[in-house]
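Number of protein chains: 2
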Amino acid sequence: MEKKTGGVTAAKGFMAASAAAGIKYQDRTDMAMIYSKTPCAAAGTFTTNVVKAAPVVWDREIVENGAYAQAVVINAGIANACTGEKGLAYCRQTAEMAAEALHISKEAVFVASTGVIGQQLPIERIVNGVEKMAEKLSEEESAGHEASLAILTTDTHEKEAAVSFEAGGVTVTLGGMCKGSGMIHPDMCTMLSFLTTDLAISKELLLEALREDVEDTYNMVSVDGDTSTNDTVLLLANGAAGNPEITEKNADYEAFKKALNYVNATLAKQIAGDGEGATALFEVRVKGAESKKQAKILSKSVVTSNLTKAAIYGHDANWGRILCAMGYSGAQFDPDQVDLFFESAAGRIQIIENGTAADYSEEKAKQILSEPEVAAVVDLKAGKYEATAWGCDLTYDYVKINADYRS
Amino acid sequence: MEKKTGGVTAAKGFMAASAAAGIKYQDRTDMAMIYSKTPCAAAGTFTTNVVKAAPVVWDREIVENGAYAQAVVINAGIANACTGEKGLAYCRQTAEMAAEALHISKEAVFVASTGVIGQQLPIERIVNGVEKMAEKLSEEESAGHEASLAILTTDTHEKEAAVSFEAGGVTVTLGGMCKGSGMIHPDMCTMLSFLTTDLAISKELLLEALREDVEDTYNMVSVDGDTSTNDTVLLLANGAAGNPEITEKNADYEAFKKALNYVNATLAKQIAGDGEGATALFEVRVKGAESKKQAKILSKSVVTSNLTKAAIYGHDANWGRILCAMGYSGAQFDPDQVDLFFESAAGRIQIIENGTAADYSEEKAKQILSEPEVAAVVDLKAGKYEATAWGCDLTYDYVKINADYRS
Chain A
165 MEKKTGGVTA
175 AKGFMAASAA
185 AGIKYQDRTD
195 MAMIYSKTPC
205 AAAGTFTTNV
215 VKAAPVVWDR
225 EIVENGAYAQ
235 AVVINAGIAN
245 ACTGEKGLAY
255 CRQTAEMAAE
265 ALHISKEAVF
275 VASTGVIGQQ
285 LPIERIVNGV
295 EKMAEKLSEE
305 ESAGHEASLA
315 ILTTDTHEKE
325 AAVSFEAGGV
335 TVTLGGMCKG
345 SGMIHPDMCT
355 MLSFLTTDLA
365 ISKELLLEAL
375 REDVEDTYNM
385 VSVDGDTSTN
395 DTVLLLANGA
405 AGNPEITEKN
415 ADYEAFKKAL
425 NYVNATLAKQ
435 IAGDGEGATA
445 LFEVRVKGAE
455 SKKQAKILSK
465 SVVTSNLTKA
475 AIYGHDANWG
485 RILCAMGYSG
495 AQFDPDQVDL
505 FFESAAGRIQ
515 IIENGTAADY
525 SEEKAKQILS
535 EPEVAAVVDL
545 KAGKYEATAW
555 GCDLTYDYVK
565 INADYRS
Chain B
165 MEKKTGGVTA
175 AKGFMAASAA
185 AGIKYQDRTD
195 MAMIYSKTPC
205 AAAGTFTTNV
215 VKAAPVVWDR
225 EIVENGAYAQ
235 AVVINAGIAN
245 ACTGEKGLAY
255 CRQTAEMAAE
265 ALHISKEAVF
275 VASTGVIGQQ
285 LPIERIVNGV
295 EKMAEKLSEE
305 ESAGHEASLA
315 ILTTDTHEKE
325 AAVSFEAGGV
335 TVTLGGMCKG
345 SGMIHPDMCT
355 MLSFLTTDLA
365 ISKELLLEAL
375 REDVEDTYNM
385 VSVDGDTSTN
395 DTVLLLANGA
405 AGNPEITEKN
415 ADYEAFKKAL
425 NYVNATLAKQ
435 IAGDGEGATA
445 LFEVRVKGAE
455 SKKQAKILSK
465 SVVTSNLTKA
475 AIYGHDANWG
485 RILCAMGYSG
495 AQFDPDQVDL
505 FFESAAGRIQ
515 IIENGTAADY
525 SEEKAKQILS
535 EPEVAAVVDL
545 KAGKYEATAW
555 GCDLTYDYVK
565 INADYRS
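Protein chains in written order, with the numbering used here: chain A, 165 to 571; chain B, 165 to 571.
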């Protein structure tokens with residue numbers, strides 16, 4: 165496996181474009197398009213929110229019943245959520261317009277939106293944007309990069325990752341881009357992720373691989389059930405690498421899964437570190453657990469605790485809040501067995517030993533917590549399972565961004 | 165039922181005192197004592213956190229196995245949580261010292277602590293404080309008021325409530341005080357509440373009444389399971405009013421339950437409105453629900469959504485976030501049936517009709533949301549059940565308080 169530069173155009177046969185459609189932002193691009201020269205096996209996972217945005221309804225239908233997919237149209241600024249029949253009609257119209265411009269079937273066009281909930285899309289601007297983008301599609305790495313910029317909302321930077329690996333004797337590439345920000349509670353982040361690969365693989369295995377990996381990556385940033393109305397991960401595989409199609413769980417499948425995990429985990433961490441107003445990526449690893457489930461529940465409870473996040477912002481080794489967040493998580497454990505460490509580029513320090521304060525230096529702890537990436541490592545000393553969750557600190561700017569978001 | 169002034173000394177036969185023991189704060193009182201001249205039936209409800217502070221362990225034993233109770237010793241500044249065997253020994257020592265000074269049994273002395281987790285109590289200062297308070301106990305309203313000030317941490321003001329009602333032909337009084345602040349997620353608030361009444365009632369019914377009422381009051385501020393290590397509600401009944409002891413669920417019992425609900429709901433709302441850094445009390449009522457449980461889950465999910473709370477701070481009618489928080493709550497409902505209204509002293513406005521935006525004035529909505537007490541009223545139009553949850557807005561000051569708390 166080899167890390168590569170680039171994003172959605174890293175894999176063979178994929179093109180991208182972006183446009184300034186003026187949907188809500190007036191001074192930047194706000195639409196992106198991904199296109200594969202040939203039909204793709206397509207997989208997707210979507211929000212579990214009872215309230216589902218119109219594009220989620222549209223895309224799920226394609227993943228569940230469509231024969232293949234070939235393009236994705238994305239807009240930032242308006243989420244097309246809580247928009248009723250009209251919102252769904254706008255999805256159809258967007259897909260139809262893209263299908264016409266690209267000479268493909270409208271059932272092969274995914275749509276995705278992110279932004280304010282409850283407003284209707286300015287459909288003429290969307291249609292104009294689609295037409296513009298269809299004309300300027302490009303396989304260049306820069307085209308993928310421009311697309312990754314166009315889909316952002318309150319994100320402070322673009323998020324891309326790519327990797328190559330061997331399968332069936334040929335080099336296969338997998339790349340992706342995503343957007344997502346506002347990680348206090350994941351209700352605030354619409355997370356959109358788009359992955360493209362030139363791997364040949366059956367639709368069934370593609371979907372299985374994606375569903376499994378999402379549990380360990382994006383869902384360890386977003387807490388289960390705490391998903392926005394629009395959360396979407398799409399994965400397109402066009403087979404352009406020329407490997408024998410993967411139709412069973414062989415070594416090629418395992419190589420693909422490893423690559424998929426690398427790209428998804430990289431993007432997930434980028435989302436966490438770019439939480440609205442965040443100054444630090446906050447990683448929580450729980451090890452020595454009796455089960456994977458226990459480790460996941462505990463790590464997520466800590467990473468989403470406002471009190472803990474505010475303490476991380478203050479570079480304060482307030483470990484009581486971590487033990488408290490574990491305590492109300494719903495998972496059972498023995499508090500009197502817990503060890504806790506803080507880690508960062510500045511070092512590692514033990515804070516709790518067997519449930520009470522270790523003899524540590526507050527100064528050293530503060531130094532460790534002042535880095536842009538900090539980790540809390542919890543050892544339950546009860547078993548062999550572990551899990552990692554990602555989040556960020558809670559800052560004044562988070563509040564500012566979310567108090568003013570619509571204006 | 166008649167509202168009264170005062171708090172824990174409102175009911176006959178109860179005395180209170182406070183002291184500046186210098187536990188953590190140097191410029192204010194930080195200990196309080198409640199004492200009943202005669203033994204009391206005692207009830208209590210406690211945190212569901214797996215990590216339980218030492219005083220919670222001590223008090224539960226009294227509620228479950230004690231014959232009666234007669235005093236409560238409270239300190240602010242240090243929570244005596246995650247303090248191991250030593251922490252429990254300090255509870256015992258505090259109770260022993262109070263028992264000796266008051267000439268009662270140590271098994272009749274509750275203890276309660278709030279503040280930083282993980283530090284040991286300065287036991288000599290606690291003991292000195294207990295001795296001082298035992299000497300200056302008073303039945304005056306002002307003594308109860310001073311006690312309500314001594315138990316605060318990041319609270320901005322004291323919280324008291326009292327009421328009188330008729331039972332068995334005599335006038336009975338119920339009063340209480342509480343502390344609690346930091347309501348974003350209730351993990352941040354240790355909530356302590358102390359209630360005293362001169363009612364004569366069996367211990368069994370006292371406990372049943374308290375347990376039921378806590379579900380509709382304090383637990384609608386604190387989300388289930390998201391409780392601090394120290395959360396405690398104690399209720400002492402000394403029978404000094406002279407009513408025939410309540411031993412069955414008769415009209416007197418109902419009158420008491422009504423009074424109990426008034427005092428608890430009043431204190432709960434005071435806690436919510438005094439959330440750390442809060443500028444507004446935020447009430448969420450869900451009506452037209454198919455079950456009480458559905459209404460509770462939905463109202464709590466909205467009132468704890470950081471995104472919604474930040475929007476309330478911004479006086480922004482960002483209703484999409486409310487529908488989104490309902491959607492990820494875990495409760496099922498039909499989003500296309502939902503009506504939503506905002507209410508405050510400045511008026512009432514419909515924001516959502518059948519799941520999409522109503523035709524409303526943003527200016528009027530802003531005006532309504534600019535009041536110190538605002539309510540979101542959700543109508544599911546699906547049944548006859550309803551529930552109310554209380555919280556507050558999310559502000560810069562919340563982050564500031566919690567980033568700096570230990571220093």
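Among the hints, a few may not be true.
If chains are identical, the list can't say which one is meant, so a pair holds when it fits in one copy or spans any two.
[As the list claims (entries may be wrong)] Dumping the calculated DSS-like pairs for lysine-lysine here, alpha-carbon to alpha-carbon at most 27 Å:
| no. | residue 1 | residue 2 |
| --- | --- | --- |
| 1 | K367 | K451 |
| 2 | K176 | K548 |
| 3 | K300 | K564 |
| 4 | K168 | K564 |
| 5 | K564 | K456 |
| 6 | K451 | K270 |
| 7 | K530 | K188 |
| 8 | K564 | K528 |
| 9 | K216 | K548 |
| 10 | K528 | K188 |
| 11 | K530 | K564 |
| 12 | K422 | K250 |
| 13 | K545 | K250 |
| 14 | K433 | K250 |
| 15 | K433 | K564 |
| 16 | K270 | K530 |
| 17 | K451 | K216 |
| 18 | K457 | K564 |
Because the hints were derived from the structure by calculation, they are not lab data.
Quick rundown of the hints versus the structure:
For the homomeric pair K367 and K451, neither the shortest alpha-carbon distance inside one copy (34 Å) nor that between copies (44 Å) is at most 27 Å. In this homomeric assembly, K176 and K548 never come within 27 Å of each other (Cα to Cα): the closest approach is 40 Å inside a single copy and 58 Å across copies. In the homo-oligomer, the alpha carbons of K300 and K564 never lie at most 27 Å apart, since the shortest distance is 37 Å inside one protomer and 48 Å across protomers. In this assembly of identical chains, the alpha carbons of K168 and K564 never lie at most 27 Å apart, being 36 Å within a copy and 41 Å across copies at closest.
Taking the shortest alpha-carbon separations for K564 and K456, neither the intra-copy value of 36 Å nor the inter-copy value of 35 Å comes in at or below 27 Å. Taking CA atoms no more than 27 Å apart as the test, K451 paired with K270 passes in neither setting, with 47 Å inside one copy and 42 Å between copies. Proximity of K530 and K188 under a CA criterion of 27 Å is satisfied inter-copy only: 21 Å between copies versus 41 Å inside one chain copy. Taking CA atoms no more than 27 Å apart as the test, K564 paired with K528 passes between copies only; the shortest distance there is 22 Å, against 31 Å inside one copy.
In this assembly of identical chains, the alpha carbons of K216 and K548 lie at most 27 Å apart only when taken from different copies (26 Å versus 37 Å within one copy). In this homomeric assembly, K528 and K188 come within 27 Å of each other (Cα to Cα) only across copies, at 23 Å, whereas the closest approach inside a single copy is 46 Å. For the homomeric pair K530 and K564, the shortest alpha-carbon distances inside one copy (26 Å) and between copies (17 Å) are both at most 27 Å. Proximity of K422 and K250 under a CA criterion of 27 Å is satisfied in neither setting, with 41 Å inside one chain copy and 49 Å between copies.
For the identical chains of this complex, K545 and K250 are inter-copy neighbours only, at 23 Å across copies versus 55 Å inside a copy, given an alpha-carbon limit of 27 Å. Proximity of K433 to K250 under the C-alpha cut-off of 27 Å is found in neither arrangement, the shortest distances being 35 Å within a copy and 41 Å between copies. Within a single copy, K433 and K564 get their C-alpha atoms as close as 23 Å, and across copies as close as 26 Å, so both meet the 27 Å cut-off. Taking the closest pair of Cα atoms, K270 and K530 never come within 27 Å of each other, the shortest separation being 55 Å inside a single copy and 42 Å across copies.
Taking the shortest alpha-carbon separations for K451 and K216, only the inter-copy value of 22 Å comes in at or below 27 Å, while the best intra-copy value is 35 Å. In the homo-oligomer, the alpha carbons of K457 and K564 never lie at most 27 Å apart, since the shortest distance is 35 Å inside one protomer and 34 Å across protomers.
Violated hints, in rising order: 1, 2, 3, 4, 5, 6, 12, 14, 16, 18; the structure is consistent with all others.
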